[in-house]
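Given these sequences and hints, build the entire structure.
Same order as they appear, the protein sequences are chains A and B. Residue numbering for the first sequence is 1 to 183, as defined by the numbering used here. Residue numbering for the second sequence is 1001 to 1359, as defined by the numbering used here.
Just so you know, these hints were derived from the structure itself, not from any lab. You may find that some hints are simply not true.
[Claimed, not checked] For each label pair, taking beta carbons as the anchor points, the in silico distance ranges come out as:
id	chain 1	residue 1	chain 2	residue 2	range
1	B	Q1252	A	M1	13 to 23 Å
2	B	R1278	A	D56	12 to 22 Å
3	A	P156	B	K1003	20 to 30 Å
Quick caveat: nothing in here was measured; it's all calculated off a predicted structure. Virtual Cβ for every residue (Gly too), placed ideally from N, Cα, C.
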Amino acid sequence: MTEEIIIAGFGGQGVLSMGKILAYAGIMQDKEVSWLPSYGPEMRGGTSNVTVILSDERICSPYLNQFDTAIILNQQSMDKFESSVKPGGLLIYDPNGITHHPTRKDINIYQVAAADKASELGISKLFNMIVLGGFLKVKPLVTPEMLHKGLEKSLPERHHHLIPKNEEAVEIGKGLLKPYHTL
Amino acid sequence: MAKELKLMKGNQAIAEAAIRMGCDGYFGYPITPQSEVLEHLMAERPYLTTGMVVLQAESELASINMVYAGASTGKRVMTSSSSPGFSLMQEGLSYIAGAELPALCVNVVRGGPGLGTIQPSQSDYFQTTKGGGHGDYRLITLAPASVQEMYDFVELGFDLAFKYRNPAAILSDGVIGQVMEKVMVDDYKPRWTNEYIEEHCPWAATGHRAGGKSTIVTSLELEALKQEAINERIQAKYRKCEEEDARHEAIQCDDAEYLFVAYGSAARICMKAMELARAEGIKVGLVRPITLWPFPTKAVAEIGGRMKKILSVEMNAGQMIEDVKLAVNCNVPVEHYGRYGGVIPTPVEIFEALKKMVK
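Structure follows, in structure tokens:
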């Protein structure tokens, strides 16, 4: 099993930390992992993306241009990465702020309306975990137990009391998942 | 604490390795994409635990001269920088090589020339392997291709630097510096004691060698014949190093008809391109030089000599290709594929370049 994922959105949406939590959860599940961020001017208020790979084998390239899954959180990232999903692959996006919806017919596409839900519930900081929940609903790569351990590893101890809230957000995301185009 | 599995950036692994292997001092100045080295050291504060000195100097010039001074005393000292900053250190590295001192420097390469870009590149191959400073010297150059190797090569770099009393370099780039992967870290090893240094480093100016005559560390010798003798001694070390310490990794070369030669992050991307090529029936292997100087000439000659064609894949305009051509003595056609200025070649691009070469 190898899953090659791009997570892309605005800086501040929690793109990098979502990837980090996924990577830590992967480690807990004895997988090989790779987490490669875009860095530099892109990170300062602009777009931000991270390539995360989970695999049962030695990971070749941490840098990729084709992905099994794209998790897209803004229009710029949709424009950039919709075409990078492998045929038969998966695209998950938050429709908030998306004016040009994806048009590919050879991939599975799902929506997670995480931004609206997060603001409705007043948990905007957990936005990324809602999105992650949507992804894990389609591809349960890591078990809830390993996700818990991953959160413990990736969050500093002073934030550990927030882990249950993160897990709740993941569950909310699972419930929000809506098919947009499936094969 | 025993061995431990961590998820770390390549840059953090450099810093963590330095603390755990018993490094005595780090002197550096921040620059993207390697700032996490100094950041991690400052966060870990090893000066409170192992006693390792961590100092943000006022410039790269100051950093490398602090390393020069520390190395003169037999301490295991290091610095890190990225391309423009590493250029500023070349004079110091020449002096350290001239004074025959061990030290470790890390260059997490970004695209140049000039201030260039902060994105990854391998355009400092010539500078690092051919000597960026003046005089007949070489840097023992290690090229990590994973976060684990970033970690492992800190101790290896110091070992080689002390074996040959010559500066060693870790030549990395923004991909390996910024990526997070699993890394198995070692237990903490104690720093060398003064007694150990006095016993094992008779050349070191420790300031308290009982009853002995004073030790002078210098790269200056005005008398030409004596300077020539120093050069001969240095060159003899380099021949020994070429003989004993050239390293490489060969992947799927046994049945290969074509060969990639690539190091560091480019080698990782080539591994993915190999998957794509083999799926289409193109038998391609990879030789990954682990030491760039000494270059694994024998391995490239032996393995490359069996191939129809060789593709040197580099994130530059074609630098290592010269060493590949020399290794196979131009008996096998060698071509270059590269992107530069901070652009990373994709696995598909490399695969396409291979297909074009095979045709």
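Outcome of the hint check:
1. B:Q1252 to A:M1: 13 to 23 Å: holds, 21 Å
2. B:R1278 to A:D56: 12 to 22 Å: Given range 12 to 22 Å: holds, Cβ gap about 19 Å.
3. A:P156 to B:K1003: 20 to 30 Å: holds, 23 Å
Hint compliance for this structure: no hint is broken.
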